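In the order they appear, the protein sequences are chains A and B. For the first sequence, our numbering assigns the number 1 to the initial residue and increments by one for each residue that follows. For the second sequence, our numbering assigns the number 1 to the initial residue and increments by one for each residue that follows.
Because the hints were derived from the structure by calculation, they are not lab data. None of the values given here were measured: they were computed from a predicted structure. Accuracy of the hints is not assured; some may be wrong.
[Unchecked claim] Below, a sample of chain B positions facing chain A; criterion: calculated Cβ distance under 10 Å: (1) Ala125; (2) Ser127; (3) Gly144; (4) Asp180; (5) Met181.
[Said to hold, decoys possible] For the chain A half of the interface with chain B, some residues (derived, Cβ under 10 Å), not all of them: (6) Trp39; (7) Arg116; (8) Thr138.
Virtual Cβ for every residue (Gly too), placed ideally from N, Cα, C.
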Amino acid sequence: MNAELVLMGKRVDMVPRAHRRALVVLIYAGFAAAMTGFWFLDRWHTSAAYLILATIPINRLFLGGHYFGGLIKPFNGKPPRRSDEPPPFLLLALRVYRPGPDEREYRNDERELHQRDQAHYQAYHVLSLIVIFLWALTNFKAEIPRLIARLSIPVDMLLYGLATAAVVIAITLPQAILLWTEPDMEHEV
Amino acid sequence: MISAVSTLFGHSLARRRTRRWLVGVFWGGLVPLLCVGFQLVFITSHNQNGIAVNFAVLSILWITIWLGGVHAGGWVKPFRAQTKVRNIVQPLFAKPKPTQSELIAQELAMDERESFQRDYIHFVAYSIARTMTLLLFTLYYLLGFWNQELLRQAGPLLFFLLTITLWSLPQTLILWTEPDMEEPQ
């Protein structure tokens with residue numbers, strides 16, 4: 001796990017666990033706010049897909065895991081693909097371009113591999129339970145329609161929204177678990 | 001990772017080849033059969049999806065009892081060690097004797113290698129399930145644009161397939177990858 005986050009050329013210290021937990025809370029609060037906003041915008045008809053697409057920059061800039069960039073090293077331990085061409089001007093202007101990384105920035109050691117696997121094990125359980133919860137909600141619709149009728153939102157839309165949230169969680173949860181559970185790191189000398 | 005007493009119609013599952021056949025039958029035969037069954041139940045129940053939901057929940061329950069992982073008693077050892085409450089009166093002046101349930105729990109408990117392997121298998125399963133989720137969600141989204149009626153008919157089936165996959169993929173990966181074991185005496 002990287003100890004600092006580079007945002008617009010500025011370095012943010014992520015050594016204390018509290019900073020990383022704050023980042024996780026901010027990201028999920030942002031997703032919740034976006035979902036609420038999108039509900040009022042178009043009832044998630046088109047915007048749900050954009051919400052899922054939004055996980056790509058979130059992972060790339062903050063969480064990492066699936067791409068090079070962000071706090072967590074790539075899960076597959078592979079270096080980012082680089083072309084021989086000069087970097088795009090836009091990336092340089094926004095100060096988000098990073099030169100070729102050192103091997104220790106993407107290669108996971110044995111402890112990190114074990115942490116990665118354990119985080120996925122925990123995340124898998126959460127996802128399995130979310131799916132069962134969605135089935136239960138579908139069943140409530142048929143068995144206890146009065147309970148569902150009290151909700152101000154149609155149950156099909158609610159299911160669609162929850163399924164979208166589940167996909168977002170599936171893409172970000174292992175990284176969030178790693179950031180949340182890793183203790184305070186030591187400053188490099 | 002695989003329970004030492006696992007058998008299928010009296011045949012031991014110690015050989016990997018047998019287990020791979022089994023996994024092939026599961027994904028190539030049983031899962032498509034369950035999907036067809038679910039869709040038939042969904043259509044014949046005139047979209048009253050309460051019956052279809054019960055079919056889905058029972059299928060998942062049956063598969064997990066059979067494969068293991070979630071409960072004790074299946075082919076794969078339970079992923080979580082289950083601590084049993086001691087249900088006999090302790091002797092006053094002797095070492096406490098393990099109860100039957102504790103003996104079973106000891107047999108099913110995973111050692112360090114197995115728990116590392118369990119976590120790794122879940123990492124692989126998670127990667128597969130995530131890709132599958134994205135594909136199914138894209139399909140669901142495209143169906144919604146193309147044909148609303150078809151989406152209403154096929155949407156629950158996509159969700160059923162995802163649920164079956166989530167609840168059985170780690171166990172089948174374990175059955176597929178675990179090397180040959182010693183035959184039980």
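Run the structure past the numbered hints and jot down the numbers of the failing ones, going up.
-> Per hint list: 4, 5 and 6 violated.
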